[in-house]
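Novice: Given the sequences, and given the hints that come with them, work out the whole structure.
Going down the list, the sequences are from chains A, B, C, D, E and F.
Using this note's numbering, the first residue of the first sequence is number 1, and each one after it goes up by one.
Using this note's numbering, the first residue of the second sequence is number 1, and each one after it goes up by one.
Using this note's numbering, the first residue of the third sequence is number 1, and each one after it goes up by one.
Using this note's numbering, the first residue of the fourth sequence is number 1, and each one after it goes up by one.
Using this note's numbering, the first residue of the fifth sequence is number 1, and each one after it goes up by one.
Using this note's numbering, the first residue of the sixth sequence is number 1, and each one after it goes up by one.
Keep in mind that the hints were calculated from the coordinates and are not lab data.
Treat the hints loosely; a few may be bogus.
Treat identical chains as interchangeable: a pair holds within one or across any two.
[To be verified] Under the rule of at most 25 Å between Cα atoms (straight-line distance), these lysine to any residue pairs were calculated in the SDA-like manner: (1) K83 to G52; (2) K44 to I106; (3) K83 to Q117; (4) K83 to I106; (5) K44 to Q135; (6) K40 to D80; (7) K40 to G24; (8) K40 to E85; (9) K40 to I106; (10) K44 to P91; (11) K89 to Q117; (12) K44 to Y26; (13) K89 to T131; (14) K89 to G49; (15) K134 to D95; (16) K89 to L69; (17) K134 to I106; (18) K89 to Q65; (19) K40 to A127; (20) K44 to V25; (21) K89 to T128; (22) K89 to V25.
Each chain, letter by letter, is given below.
6 protein chains.
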Amino acid sequence: MQTIQTIIGNLIKPVYAHCDLPCGVYDPAQARIEAESVHKILQKYHEPGELGETDKLRAIIIKEQRADLVKQHLWVLWSDYFKPEHMEKYPELHDLIWRATKQASICKHATDPAEGQKLLELINEVATIFTATKQAA
Amino acid sequence: MQTIQTIIGNLIKPVYAHCDLPCGVYDPAQARIEAESVHKILQKYHEPGELGETDKLRAIIIKEQRADLVKQHLWVLWSDYFKPEHMEKYPELHDLIWRATKQASICKHATDPAEGQKLLELINEVATIFTATKQAA
Amino acid sequence: MQTIQTIIGNLIKPVYAHCDLPCGVYDPAQARIEAESVHKILQKYHEPGELGETDKLRAIIIKEQRADLVKQHLWVLWSDYFKPEHMEKYPELHDLIWRATKQASICKHATDPAEGQKLLELINEVATIFTATKQAA
Amino acid sequence: MQTIQTIIGNLIKPVYAHCDLPCGVYDPAQARIEAESVHKILQKYHEPGELGETDKLRAIIIKEQRADLVKQHLWVLWSDYFKPEHMEKYPELHDLIWRATKQASICKHATDPAEGQKLLELINEVATIFTATKQAA
Amino acid sequence: MQTIQTIIGNLIKPVYAHCDLPCGVYDPAQARIEAESVHKILQKYHEPGELGETDKLRAIIIKEQRADLVKQHLWVLWSDYFKPEHMEKYPELHDLIWRATKQASICKHATDPAEGQKLLELINEVATIFTATKQAA
Amino acid sequence: MQTIQTIIGNLIKPVYAHCDLPCGVYDPAQARIEAESVHKILQKYHEPGELGETDKLRAIIIKEQRADLVKQHLWVLWSDYFKPEHMEKYPELHDLIWRATKQASICKHATDPAEGQKLLELINEVATIFTATKQAA
Chain A
1 MQTIQTIIGN LIKPVYAHCD LPCGVYDPAQ ARIEAESVHK ILQKYHEPGE
51 LGETDKLRAI IIKEQRADLV KQHLWVLWSD YFKPEHMEKY PELHDLIWRA
101 TKQASICKHA TDPAEGQKLL ELINEVATIF TATKQAA
Chain B
1 MQTIQTIIGN LIKPVYAHCD LPCGVYDPAQ ARIEAESVHK ILQKYHEPGE
51 LGETDKLRAI IIKEQRADLV KQHLWVLWSD YFKPEHMEKY PELHDLIWRA
101 TKQASICKHA TDPAEGQKLL ELINEVATIF TATKQAA
Chain C
1 MQTIQTIIGN LIKPVYAHCD LPCGVYDPAQ ARIEAESVHK ILQKYHEPGE
51 LGETDKLRAI IIKEQRADLV KQHLWVLWSD YFKPEHMEKY PELHDLIWRA
101 TKQASICKHA TDPAEGQKLL ELINEVATIF TATKQAA
Chain D
1 MQTIQTIIGN LIKPVYAHCD LPCGVYDPAQ ARIEAESVHK ILQKYHEPGE
51 LGETDKLRAI IIKEQRADLV KQHLWVLWSD YFKPEHMEKY PELHDLIWRA
101 TKQASICKHA TDPAEGQKLL ELINEVATIF TATKQAA
Chain E
1 MQTIQTIIGN LIKPVYAHCD LPCGVYDPAQ ARIEAESVHK ILQKYHEPGE
51 LGETDKLRAI IIKEQRADLV KQHLWVLWSD YFKPEHMEKY PELHDLIWRA
101 TKQASICKHA TDPAEGQKLL ELINEVATIF TATKQAA
Chain F
1 MQTIQTIIGN LIKPVYAHCD LPCGVYDPAQ ARIEAESVHK ILQKYHEPGE
51 LGETDKLRAI IIKEQRADLV KQHLWVLWSD YFKPEHMEKY PELHDLIWRA
101 TKQASICKHA TDPAEGQKLL ELINEVATIF TATKQAA
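Specialist: Structure (structure tokens):
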């Protein structure tokens, strides 16, 4: 009788078609929701009387975390969702996602809501391509 | 001249109206996307030839993480988004979200896709109330 | 001979009695210890000469993290430890834990040690019910 | 008038007495609770009929995480709570905590509940010294 | 006299030259060390008698985590270290890093050490370009 | 035929020689890279005109995280890499690593770059012993 060790050793077959296990469930909404949070924090930062001193400091802490989550979700779309055929069809995609992650970094030290707006627009462009690839699938 | 220490000490005013800073940007889609992932993993687990041995083990690992994220997003909605007036208007809300988080735990050890389906339905019920409160605001 | 795939597929039986695997080891002390940390930070914040400027900023950062951990531990108690029979016996439990997590959020932007004290008292109420359910088991 | 930049630059005074901000609230209970969880998982692993196949795999995943938390809490006690004077009075303390963290690593691949018991005993020894230093303070 | 609120509001000047604060300290060694760990785990997985059953399962868990860290470190290099002028000089860079992150995903479900070797080679290519950009700076 | 349950139960043999699975791939460079980041942040903090106000606050947040990572990597070396024979040959090792982690804590509230320099020197001492044990192996 084979031990599990042998069974596991023998049966594993590469499944290159789907790189990561949970593929199929990706959604640019995850990046967008966090970016909306970044944008809202930037807006509140400037509204007079909206935030007390401690909350202004907290705004910077939380904006840092939310912008990190934006980057995280964009990276997952880039590395896990998009396939070589998408990159071929949309040659600007690498650069677009790259600039979106850089914009998230800019939002970390920015206090101007316009930077958050720009981040949302870049994520929107990624989402448009995402939807097109979904419909083509 | 006041030192910052004094200034910070003096100016901080409680802002009880908004418990957490980034309030305003909440979305049940965050819980739903992770739950869809849990559901999809449960479905793949049973499709013959879909997953190799290693990937079956990985499916359990990843399902564990995704179900945790479902709970996390539901907890944030519960504690950070919903306010006393919502609880008054929807007295079943505590129990509904509680059962949804318990269903996420059930999905951790379940292998039956029906459990994932049940999780999605409970999140859907939470989302319906969420939308109603948004429209009422 | 069955492959592991078949064996795993066949043998898995739902174990609904214990929702999560590590059930049995829950302790409100985890939430309480983090809340004591929040409380202590709030006290130090006001003691003259206790904290330098950088440490005042760090106090806000660390308080944010500790208050998050309080919420985390309360959520686990709520979703993983407490069972339907507890909710039936203590109908105020949902609301009590909910208010405790909201108080942890208040402590994030508060600088008044009284808010930390209030958090400790709410956790104490949860702990009292927890102990009663343990003794009844 | 000084800008904040200057004020922050000038006012920061080293506070070497307390290395980390939240010092004062340390509790070996944090390591002990996680270790009890590890121990319980090891016990359940062997009780016939207690865990289904998926849950056996999950037990290994969760045990890995809990044992990591044990190490984490022990490291914090070692680096953040204990001071040079404690090390002088308890010269075995470095080695004791070190062996406790190594025992947590052993519990990761062990399936024998005796290893969990040994971990609990080592944490108990750390806790005894901790209590003695508290009473001496 | 200005309040801090005003001072902070006025003095913040965009510093677009360095996107993220800690720029300057990047090192492909971080990705490489985690990739070596992935590679070593894949090798051990096949050495007869090297790993017991529990440790074979743990190998899959730990490999999953290490491969995630590889992706994380590559993403940070991509978004935070590399600048537009680098992308212009090395037009293959987007695709190279992208394929390296995809190879890390392949290593998650692979059990063939050759996949780990391939990951190390891709990271090496990234490191070569990294070093060239450092020397040019 | 044995079920997996029995097989797993029977075959697991303690492998005490290597405490943790991924042993073999440890590198003090991980702690050093994060410490360089801490050091650089401390230097930038004092360069006039280098950081705007928001970035000064962010510097403290990021320094806190990086110093935590330094501690984390040192703890892993201490508990996972170093073996009893190393401690016997280098009896100062416990204390050296301990002081290095305490120096990382000091860097959290320090603004003086000299504290970062001191941290780098302590990590260097750990690395020297690490290299010696590697060559002796």
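Novice: Decide, hint by hint, whether the structure agrees.
Specialist: Results of checking the hints against the structure:
no.	hint	result
1	K83 to G52	between (46 Å within a copy, 21 Å between copies)
2	K44 to I106	both (18 Å within a copy, 18 Å between copies)
3	K83 to Q117	between (28 Å within a copy, 22 Å between copies)
4	K83 to I106	between (28 Å within a copy, 13 Å between copies)
5	K44 to Q135	between (37 Å within a copy, 22 Å between copies)
6	K40 to D80	between (28 Å within a copy, 16 Å between copies)
7	K40 to G24	between (30 Å within a copy, 8 Å between copies)
8	K40 to E85	between (36 Å within a copy, 23 Å between copies)
9	K40 to I106	both (15 Å within a copy, 20 Å between copies)
10	K44 to P91	neither (37 Å within a copy, 32 Å between copies)
11	K89 to Q117	neither (27 Å within a copy, 30 Å between copies)
12	K44 to Y26	between (30 Å within a copy, 16 Å between copies)
13	K89 to T131	within (13 Å within a copy, 32 Å between copies)
14	K89 to G49	neither (49 Å within a copy, 30 Å between copies)
15	K134 to D95	both (20 Å within a copy, 22 Å between copies)
16	K89 to L69	neither (27 Å within a copy, 29 Å between copies)
17	K134 to I106	between (30 Å within a copy, 22 Å between copies)
18	K89 to Q65	neither (33 Å within a copy, 32 Å between copies)
19	K40 to A127	both (20 Å within a copy, 22 Å between copies)
20	K44 to V25	between (33 Å within a copy, 12 Å between copies)
21	K89 to T128	within (13 Å within a copy, 29 Å between copies)
22	K89 to V25	within (21 Å within a copy, 34 Å between copies)
The earlier numbered hints that this structure contradicts are 10, 11, 14, 16 and 18.
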